[in-house]
Amino acid sequence: MSGAKHRMRNKKMRDQPTSVTYSASGWRNGGDTPAGRASDFHHAKGQDLPQQGGGWVRGHQSGGSVYPKELPKYITSTYFARARSAEVKAMLKAVNKTTGSCHTAGALPKHMRRRAMSHNTKRLPTRLREGAQRMLEKSLQAAKKEKKEESKAKSRKARRRHGNLLLEFNRRQRKNIWLETHIWHAKRFHMVKKWGYCLGVRPTLKCYRACYRAMSSHCLLQDLSYYCCVELQGPEEQLLSALSRLTSKDTGPTFAAVQCLSGRRQGSVVLYRPDQYPAQPLGPVLFLWRPRSEGSTHRQLWIWGHPTLKQDLLSELQALCQCSEAVMPVPEPVPSPAVEAVAVPTKDPPQKPVTGRKRKRAEQDSDGQPAKKILGDGTRSPTCPVTWKSPTTGIVINDLTMEMVRYRLIGPLSHTVLTEALSPATDCEEAAKSGQSCFWWPEYSNQEQNMALHREQADVFQLLKGVYSSTEIPAGSVLGLTVDDPRITLPRRRVRAQPDLQQAIGVDEEKRRALTLQGVPEHCCQSALWDRSVRDNVTDNKLPEKELNRMRSELLVPGSQLTPTPLQGRVPMLLVHQPGKQLGQEMPSWGVGWDLLLPKGWGMAFWVPLVYRGVRVAGLQMSQKHSQHKGAPHFPHDYPDCPAGARFQDEQQAELMDKFTRRPPAKRTNYIKHGCLAPFRCPWQQLVEEWVEIVKETGKGSDSRTEVETAGAPPSRFSVLRSRKVLKQLSAWCRPSSSRGQRLQRGPQPPPPPPLSPAAAAALRASHGQGLAWARFSLLAKGRPELHAMVCAPTEEDLRLLSRDPQCAGPQEPRHTDHFRKHVKSARKARKSKRSDEKAEGASAEKATTKKPDAASDPSSGSADQPGSVPEVTSTPASVSDGDSSAIPALAWPPVATPDQDPSAAAPAAAAAAPAEAERLVLGLWPEPLPSVTSHCSRVTLGWVTQGDFSLTAGCGEALGLVSLAGLLHVLLGQPPERRGIVLLRNPSSLQYRFAKVTIEA
Amino acid sequence: MVRFKSRYLLCEVCVEDRSSLLLLEERTIYQAVKAAVARAHGDYGSALLILSFAVKYVNAHTGVILIRCRKSHYRILWSALPFMSCLENRGQKVPCSINCLHIGGTIRTCQKFLVKYSTQQLHRMLPHCTTEAERDEVRRAVLSCSLEKERDVEEEEAEEEWDDE
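Quick mapping for you: the protein sequence lines, in order, are chains A and B.
To convert, note that position 867 of the first sequence is 867 in our numbering; the numbers rise steadily by one, no gaps.
For our numbering, add 10000 to where a residue sits in the second sequence, where the first one is 1.
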């Protein structure tokens, strides 16, 4: 009988009288009399009965069975009466107690049950009321214990009132920063708390393909305001000399690239710790120089980086520029809104409302501090320094996190969206210009040179209308602009921005060609956004939505445009062209777009007009897909050598592990059986080290020179290869020799790289032995690679198979055996028995308090299989890989292969030795330490996939991942030149290998 | 919901020697009744009886027994009971007769009847008492034939223990 059923029965039979007999027999008739209880009851009853002097005599014994009880010789009425009364008492107890369920509702027959009896005991018959009342109280108490009483001090209406709502919002963003578009996103997106921000992952509606279409044919919008901006100010030479230590020319153009330094282009670099290249990278950043102002060497530089990168970057920059002196932020003086409050009414007194508003304002004043919307970083304390100055070099570092809004438009038509949504700022009237005002625009536009610049910028912006695709603009172009408040030209309903090329044909053909060939002229890259004072002024003087609506409602013709544009509505901004796919030969400049840089506070004012131009909005998931389709590594996912990437790997492992353990054990994938050592985390360091070993072993006989060089190299951490030259060389080597792709190269032909030869490979290996190479894999036939799929080297047999049948599915991995299964099971059993023991003890203890101590439950009964008795290892597991690995003749297996047997045999032994460790074993996962990762399966592992999916651009499964450079060279050398660059991919939860072509894009 | 309906026979075992009553056991009664039915009604009767025949309650002090059988065939059992003349336990034969007090549809009704019946008997005993001590004893027994409030307290404790688990 199961425990619950048993308990139920016990409860039911508690008040039932049991038979009173004199021989305690275990006999059961009818099958439903609990025998144990009979004897129990007997004892209890026996005490009630009179002990009549010597009246009880011992009966005779017959047939060896004991006649246990004494029989009275004579009978008295006393005895008779007592026996009767005892029985009556028992019967009464049984009769008065209902046997059915203890729930009062259940005790009632069905036809007497009424609604809501459990809440109102008065609805019950009187005889049940008492019990019901008790139950009710008990349940109320339990409910109180469970969840704390929600303080509902205020009604919903009060809570939703604007000021209170703002207070609540401010409270909620104290821990994680909200972007300005947070509320908009929160209504439409799945939000996550990540990197100290609240970010949207993906929309709640299904739009994966729609977003892809938007990216490739129209426009996709993302809020990237969470990217952190660090501002550097100082003399040009000082800045460059400091920053040059962070970068290397090997990886491409640095901070000092001419185009970028002039401020015409935005650049991107991978930063390293000072003078540490190629080890210890920090991560990729975008940077933007402010164009030179005449006759001054003082420069301004913005470095945009991912939030996980910010702390590392800031500390490095401070050390480099010797900016140790933190400038304490001045306690914020009462900002210009106060001035504005005075200024606005004086300027347009007829617009001032008569009643209503006054009352509200007075009310707010009486409250004391009116609730103010948080702009920028709400988690930072106002006294935390954001500026650091260097006394020696004169460099000033400014942390501009959340000081600016950054939107990213992706797609070939993003320029059309921009030209439709934005309009260059209109000049204001002379009257406003002459008068003193607190806004920046009248003053700014007073100067003729500024206006000339503005007109020129507006012209360039108008030229964009005639451009067919954003691709035509030179990569990374920057355009400064001042625009009108886009809310004023908001269309009445959502429209899809379409290019109007018919109109543009023939107009300004020359200028447009100049734009597409030479980019934006240098002076047009200047913008007032670089000035902090202007930024703050614009932010503080933003016209609230309410005011705007009021002004609209006062228009003579409802729905017509607001003219003239209110003075506050001129916003400086920067448009930065975002290059699409630059490397590789397929889909050039896919995913091109524009970035918008705006002063803070204006986020929603620009967001809604952009959305009204028919763009799709996407979240973090799509930005990852964007970089995947571009074939670019995505930060921090694909930078395992950076500190942020390592942290990300930890988080990802924990997350995947959590997801794994949430499944019921029987439904979990047994990764051991699939021969997958590390489904949740890629051991890059181990991979690289093992490959160095393998190369050393194989090269021993033939090439002594390599050996000497590699032996001299100190053991170091792995690093991802980012040297352009080496990558170009590798990419040429990866292509089959007969590829037509080589002839497609545009531009001046670079000198052809040296052909792949053992010597050249050895030289490369010697310099980058610990390197990982970023590679793209496109599957030849079916298959969809997943996260952490293994990249393996094909054997010669596999290649023959492929040449016979190009559409073949690929080889299969033989199923591995799980030697840990036993230990996991025994450990679990031991745990369970231990737990049940504890429970039994607890129960018996409880029983002892209520009844007399009972010997029924013996605490030592279940201790036979305690965890100490984990069975010992019986046999060393047969190596699965050994038989097949000999199929690779090129790889004469070094002793590295033998650890495959050793650790797998040793690990269970260790597990058996320490039962505490056995508790940590999870069924289907290899326990630490891992055996050799390269030779664990029948095909040698080269690396792992970090992003993999069915690629909508290529129409086949595509994966991006990192492979060991040494391993890749090894494979390439072993393959015939016409079929070079073929590898195998295998998902962690599958035994099927798939053929894939490896491409290194450089 | 349909259940098997039963009949419960509340009987009293009458013996000459009160002390031999203490030999009473469930098994004894079970076998004796079965034999009696077989004798009276043959194989057919005993087979019908055996369907849900059970001895639910035996009190060796008062000689009260409770027997269950199927409602449709309780007459077979009922008619066989008067032919029982002795019970046998461990080689001892006790001559007896079985007096059927009540036939009920549930145990509960039988219990109710038994309460009434026993109290009545005690009440009848009271005037026939000879000695003072005896009278006292019987009076106390009569008085104790009711449930007090203390039952509730006990029950509550039990319930609480229950909820803690």
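Derived from the structure by calculation, the hints contain no laboratory data.
Bear in mind the structure is a predicted one, so any value in this text is a computation, not a measurement.
Even for Gly, the Cβ is constructed at its ideal location relative to N, Cα and C.
It is possible that part of the hints are untrue.
What the hints assert, rightly or not - Lysine-lysine pairs mimicking DSS-like chemistry, simulated, CA-CA at most 30 Å apart: (1) B:Lys10071 with A:Lys154; (2) B:Lys10005 with A:Lys11; (3) A:Lys373 with A:Lys157; (4) A:Lys465 with A:Lys581; (5) B:Lys10093 with A:Lys12; (6) A:Lys829 with A:Lys581; (7) A:Lys546 with A:Lys673; (8) A:Lys93 with B:Lys10071; (9) A:Lys546 with B:Lys10005; (10) B:Lys10093 with A:Lys110; (11) B:Lys10071 with A:Lys122; (12) A:Lys157 with A:Lys782; (13) A:Lys782 with A:Lys673; (14) A:Lys725 with A:Lys997; (15) A:Lys5 with B:Lys10112; (16) A:Lys11 with B:Lys10093; (17) A:Lys122 with A:Lys11; (18) A:Lys110 with B:Lys10034; (19) A:Lys832 with A:Lys822; (20) A:Lys373 with B:Lys10116.
What the hints assert, rightly or not - Partner residues are not named here, just some residues of chain B that face chain A (Cβ under 8 Å, in silico): (21) Leu10051; (22) Asn10059; (23) Leu10101; (24) Ser10144.
Outcome of the hint check:
1. B:Lys10071 with A:Lys154: Distance of about 66 Å is beyond 30 Å: violated.
2. B:Lys10005 with A:Lys11: holds, 23 Å
3. A:Lys373 with A:Lys157: holds, 20 Å
4. A:Lys465 with A:Lys581: Satisfied, since the Cα-Cα distance of roughly 23 Å is no more than 30 Å.
5. B:Lys10093 with A:Lys12: violated, 37 Å
6. A:Lys829 with A:Lys581: violated, 55 Å
7. A:Lys546 with A:Lys673: violated, 64 Å
8. A:Lys93 with B:Lys10071: Roughly 26 Å between the alpha carbons, so the hint for Lys93 (chain A) and Lys10071 (chain B) holds.
9. A:Lys546 with B:Lys10005: violated, 79 Å
10. B:Lys10093 with A:Lys110: Distance of about 50 Å is beyond 30 Å: violated.
11. B:Lys10071 with A:Lys122: Violated, at about 39 Å.
12. A:Lys157 with A:Lys782: Judged against 30 Å, a Cα distance of about 58 Å means the pair is violated.
13. A:Lys782 with A:Lys673: holds, 23 Å
14. A:Lys725 with A:Lys997: holds, 22 Å
15. A:Lys5 with B:Lys10112: Distance of about 28 Å is within 30 Å: holds.
16. A:Lys11 with B:Lys10093: Roughly 38 Å between the alpha carbons, so the hint for Lys11 (chain A) and Lys10093 (chain B) is violated.
17. A:Lys122 with A:Lys11: holds, 27 Å
18. A:Lys110 with B:Lys10034: Not OK: Lys110 (chain A) and Lys10034 (chain B) at ~39 Å, beyond 30 Å, violated.
19. A:Lys832 with A:Lys822: holds, 15 Å
20. A:Lys373 with B:Lys10116: violated, 81 Å
21. Leu10051: Violated: closest Cβ of chain A sits about 11 Å from Leu10051 (chain B), beyond 8 Å.
22. Asn10059: Where the cut-off is 8 Å and the nearest Cβ of chain A is about 5 Å from Asn10059 (chain B), the hint holds.
23. Leu10101: With a minimum Cβ separation of about 13 Å from chain A (threshold 8 Å), the hint on Leu10101 (chain B) is violated.
24. Ser10144: holds, 5 Å
In this structure, the earlier hints numbered 1, 5, 6, 7, 9, 10, 11, 12, 16, 18, 20, 21 and 23 are contradicted, and the remaining ones agree with it.
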